[in-house]
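Given the coordinates of chain A, work out where chain B should sit on it, guided by the hints.
2 protein chains.
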Amino acid sequence: MKSNSKSRMSREERAEQIVSIGKELMLKKGYGFTAKDIANAIGISETMIYCIFPNKKKIIEAIYSKIFTSVEILGIPKEASENYRTELIDYFICFYKNVTERNMLEFHYLYAMDKSGNRPDLSLIEKSAPNLNGPLENYIISGINKGYFRKVNAESAAEFIYSAFFNFVFFHELFLREKLSAEELKCKISTFIDLFINGINKI
Amino acid sequence: MKSNSKSRMSREERAEQIVSIGKELMLKKGYGFTAKDIANAIGISETMIYCIFPNKKKIIEAIYSKIFTSVEILGIPKEASENYRTELIDYFICFYKNVTERNMLEFHYLYAMDKSGNRPDLSLIEKSAPNLNGPLENYIISGINKGYFRKVNAESAAEFIYSAFFNFVFFHELFLREKLSAEELKCKISTFIDLFINGINKI
Numbered sequence: 001m002k003s004n005s006k007s008r009m010s011r012e013e014r015a016e017q018i019v020s021i022g023k024e025l026m027l028k029k030g031y032g033f034t035a036k037d038i039a040n041a042i043g044i045s046e047t048m049i050y051c052i053f054p055n056k057k058k059i060i061e062a063i064y065s066k067i068f069t070s071v072e073i074l075g076i077p078k079e080a081s082e083n084y085r086t087e088l089i090d091y092f093i094c095f096y097k098n099v100t101e102r103n104m105l106e107f108h109y110l111y112a113m114d115k116s117g118n119r120p121d122l123s124l125i126e127k128s129a130p131n132l133n134g135p136l137e138n139y140i141i142s143g144i145n146k147g148y149f150r151k152v153n154a155e156s157a158a159e160f161i162y163s164a165f166f167n168f169v170f171f172h173e174l175f176l177r178e179k180l181s182a183e184e185l186k187c188k189i190s191t192f193i194d195l196f197i198n199g200i201n202k203i
Numbered sequence: 001m002k003s004n005s006k007s008r009m010s011r012e013e014r015a016e017q018i019v020s021i022g023k024e025l026m027l028k029k030g031y032g033f034t035a036k037d038i039a040n041a042i043g044i045s046e047t048m049i050y051c052i053f054p055n056k057k058k059i060i061e062a063i064y065s066k067i068f069t070s071v072e073i074l075g076i077p078k079e080a081s082e083n084y085r086t087e088l089i090d091y092f093i094c095f096y097k098n099v100t101e102r103n104m105l106e107f108h109y110l111y112a113m114d115k116s117g118n119r120p121d122l123s124l125i126e127k128s129a130p131n132l133n134g135p136l137e138n139y140i141i142s143g144i145n146k147g148y149f150r151k152v153n154a155e156s157a158a159e160f161i162y163s164a165f166f167n168f169v170f171f172h173e174l175f176l177r178e179k180l181s182a183e184e185l186k187c188k189i190s191t192f193i194d195l196f197i198n199g200i201n202k203i
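Chains as they are written, first to last, in UniProt numbering: chain A, 1 to 203; chain B, 1 to 203.
What the hints contain is simulated information worked out from the structure, not anything from laboratory work. A couple of the hints might just be wrong.
[Claimed, not checked] Result set (DSBU-like, lysine-lysine): computed pairs, CA atoms no more than 35 angstroms apart in a straight line:
(1) A:K97 x B:K146
(2) A:K36 x A:K56
(3) B:K57 x B:K97
(4) A:K151 x B:K97
(5) A:K188 x B:K36
(6) B:K186 x B:K28
(7) B:K56 x A:K188
The shape of chain A in the complex, shown without the other chains (with noise of 0.2 angstroms):
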């Protein structure tokens, strides 16, 4: 196996692999993996990982880019529709799944205080965030604009929904370790966007 692993891969296979199990150490090890425990995972020499990555660093990039990326393609409708509600539940299913499913929670963790106890590299997240707020953002906007919402700040509002969601499955998933039904999950995720639309207020 390890010496079928050594050959006949590309060098995009290569970098895929890297990758994937770089994810599985960081998952582990949080920032203290080093490029000698990728290679000798895979069973390749050091060397050869550092003609496809030059440093530590462009790894987790990598790995970064490559998970948010994935979320990024969910996306959500650009333009609201009177079916919002049914659109936004939707979507925040796909959502945690994706989430869950892809531990993305792990890393935002890993990334808050590495195993030597330094702040993480921001810059990375910082990326990455706009691309779960961003489309929210949008699709609001669009919904004012249509005349289906009141005139609200929809960078807050997307910001509002966003965290509750959030908070949400970070302490369902990752403190509580409690996996919901998709029953459950429903009808949380309903509740929820029930109350984001139409607040608590007595009409």
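This is chain B only, laid out in the frame that chain A set:
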């Protein structure tokens, strides 16, 4: 100084000193700190530490309970009044200051993944978490009973607003390390509360 700190301290004062130094060490080193580290920092013997706290876990519990007790004291009014918007804004401003002054979020992070990559002791967090969410839930129930709020799931509503707010504090304070001025803070919180009360729906 050292000899002075050795003597003329009551058991309570000494316990407080151990917890205070322990907190600093925990922020720096995570779970990795030892009773010996605390003893060295104060300038007393390790044995004296163990006279007061039987083991390290008890020291961590004392650190944790001290922090959360102070948040619990904050509270919000038990009964919602017609000025509930102002009450909620005041509460969250107070909560924000308390959280950031006491670096509570750092603790959440340290607890999430300690230096050895182990999961934190969740029972400590769970014990304290209801103290933050519970008063908010009671407040919402009282508002519904008084006819100020429409009929909503009070538990979800409390979780929703608390989550949005908690993630906001966490993002600004821990990730961006961005100190908000008192005015920016009030503006931001007011917008969140307004969204929570009125939603985005066009009335």
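Comparing the hints with the structure gives:
no.	hint	in the structure
1	A:K97 x B:K146	violated, 39 angstroms
2	A:K36 x A:K56	holds, 10 angstroms
3	B:K57 x B:K97	holds, 28 angstroms
4	A:K151 x B:K97	holds, 30 angstroms
5	A:K188 x B:K36	violated, 47 angstroms
6	B:K186 x B:K28	holds, 31 angstroms
7	B:K56 x A:K188	violated, 39 angstroms
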